[in-house]
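Protein chains in written order, with this note's numbering: chain V, 1 to 139; chain F, 1 to 111.
To be clear, the hints were calculated from the coordinates, so they are not data collected in a lab. Heads up, the beta-carbon is just placed ideally off N, CA and C, and yes, glycines get one too. Please note: incorrect hints may appear among the correct ones.
[To be verified] If you only want the chain V side, here are some residues facing chain F, beta carbon under 7 Å, derived:
| # | residue |
| --- | --- |
| 1 | Tyr-10 |
| 2 | Glu-11 |
| 3 | Leu-13 |
| 4 | Ala-14 |
| 5 | Phe-35 |
| 6 | Gly-55 |
| 7 | Glu-90 |
| 8 | Leu-93 |
| 9 | Ser-95 |
| 10 | Leu-97 |
| 11 | Glu-98 |
| 12 | Lys-101 |
| 13 | Glu-102 |
| 14 | Leu-105 |
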Amino acid sequence: MFKETFPGRYESLAKIAKFVTQAAVQAGLNETAIFAVQMSVDEACSNIIEHAYGGENIGDIDCTCKIDSQGLTVILHDWGAPFDPEKVPEPDLTSPLEKRKEGGLGLFFIRKLMDEVHFEFSAEKGNTLTMVKRKEDAR
Amino acid sequence: MEITTNNYKHCDLVKVTGRVDSATAPQLAEALNKITENGRYKIVLDLGGVDYISSSGLWVLINTQKTCKRYNRGEVVLASVPDRIRSALDLAGFIPFFKILKDTTAAVGYF
Numbered sequence: 001m002f003k004e005t006f007p008g009r010y011e012s013l014a015k016i017a018k019f020v021t022q023a024a025v026q027a028g029l030n031e032t033a034i035f036a037v038q039m040s041v042d043e044a045c046s047n048i049i050e051h052a053y054g055g056e057n058i059g060d061i062d063c064t065c066k067i068d069s070q071g072l073t074v075i076l077h078d079w080g081a082p083f084d085p086e087k088v089p090e091p092d093l094t095s096p097l098e099k100r101k102e103g104g105l106g107l108f109f110i111r112k113l114m115d116e117v118h119f120e121f122s123a124e125k126g127n128t129l130t131m132v133k134r135k136e137d138a139r
Numbered sequence: 001m002e003i004t005t006n007n008y009k010h011c012d013l014v015k016v017t018g019r020v021d022s023a024t025a026p027q028l029a030e031a032l033n034k035i036t037e038n039g040r041y042k043i044v045l046d047l048g049g050v051d052y053i054s055s056s057g058l059w060v061l062i063n064t065q066k067t068c069k070r071y072n073r074g075e076v077v078l079a080s081v082p083d084r085i086r087s088a089l090d091l092a093g094f095i096p097f098f099k100i101l102k103d104t105t106a107a108v109g110y111f
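Okay, chain V solo, but in the shape it has when bound (with noise of 0.2 Å):
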């Protein structure tokens, strides 16, 4: 298990994407899936830093990874604002290019690339999000 403390803001995302892309290959993914993390995983800390935070330099992001014979488990844990990501409206995808609202594709990323993505909000604890992204002869 690894696990770092980064301070929330933009410029952590890339030593944050060195983090987990280390432990997803350790993990043994390969590299559509290694993508697929590093792709969820700085979609998720955005998401952390711009909304549950609503800004830079407000809070910390912890980030575990768990290594298994299935594959890769990354816990990110914020102590920010908590959201319903069932109240999170899908992106729209079919509209003509003027109609296309910024928004909304993270979540939807997160969900599209990982095989499993679980919230859980806590008023004590905080706001933990936990992805699964498992090898493929695992799948």
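Chain V is already provided as a structure; the job is to place chain F on it using the hints.
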């Protein structure tokens, strides 16, 4: 992320390398806005050196494409798009909005 821009007679070439994420997407937006604010709407975006793009980066491409295509005055074409960047564009449903050409020469020749 690094951005270099080149002014051609018929278009502007913007070459991006590195990571386009929430930290760097605003710089890319700024570079592209500078071009459109000068009344130039034919842009070749060379993504050959980009190793990562997040949704914030993808929105920069979409917003610039909206500006360029307005009144049929131009468009953004993409060149040398790496596979993983193409996958990200595809996941977002953005592939139909861009002409994707194999390299910068083909893209510059397109205008």
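To see whether the hints hold, each was checked on the structure:
1. Tyr-10: 4 Å, holds
2. Glu-11: It holds, given that the least Cβ distance between Glu-11 (chain V) and chain F is near 5 Å, below 7 Å.
3. Leu-13: Where the cut-off is 7 Å and the nearest Cβ of chain F is about 5 Å from Leu-13 (chain V), the hint holds.
4. Ala-14: Because about 6 Å separates Ala-14 (chain V) from the closest Cβ in chain F, which is inside the 7 Å limit, the hint holds.
5. Phe-35: Hint on Phe-35 (chain V): holds, closest Cβ of chain F at ~5 Å, below 7 Å.
6. Gly-55: 12 Å, violated
7. Glu-90: 11 Å, violated
8. Leu-93: 4 Å, holds
9. Ser-95: Violated: closest Cβ of chain F sits about 9 Å from Ser-95 (chain V), beyond 7 Å.
10. Leu-97: For Leu-97 (chain V), the interface hint holds, since the closest Cβ of chain F sits about 5 Å away, which is under 7 Å.
11. Glu-98: Status holds, d = 6 Å.
12. Lys-101: Violated: closest Cβ of chain F sits about 9 Å from Lys-101 (chain V), beyond 7 Å.
13. Glu-102: This hint holds: Glu-102 (chain V) lies near chain F, its Cβ roughly 5 Å from the closest one there, short of 7 Å.
14. Leu-105: 4 Å, holds
Violation of the numbered hints given earlier is confined to hints 6, 7, 9, 12; the remaining hints are satisfied by the structure.
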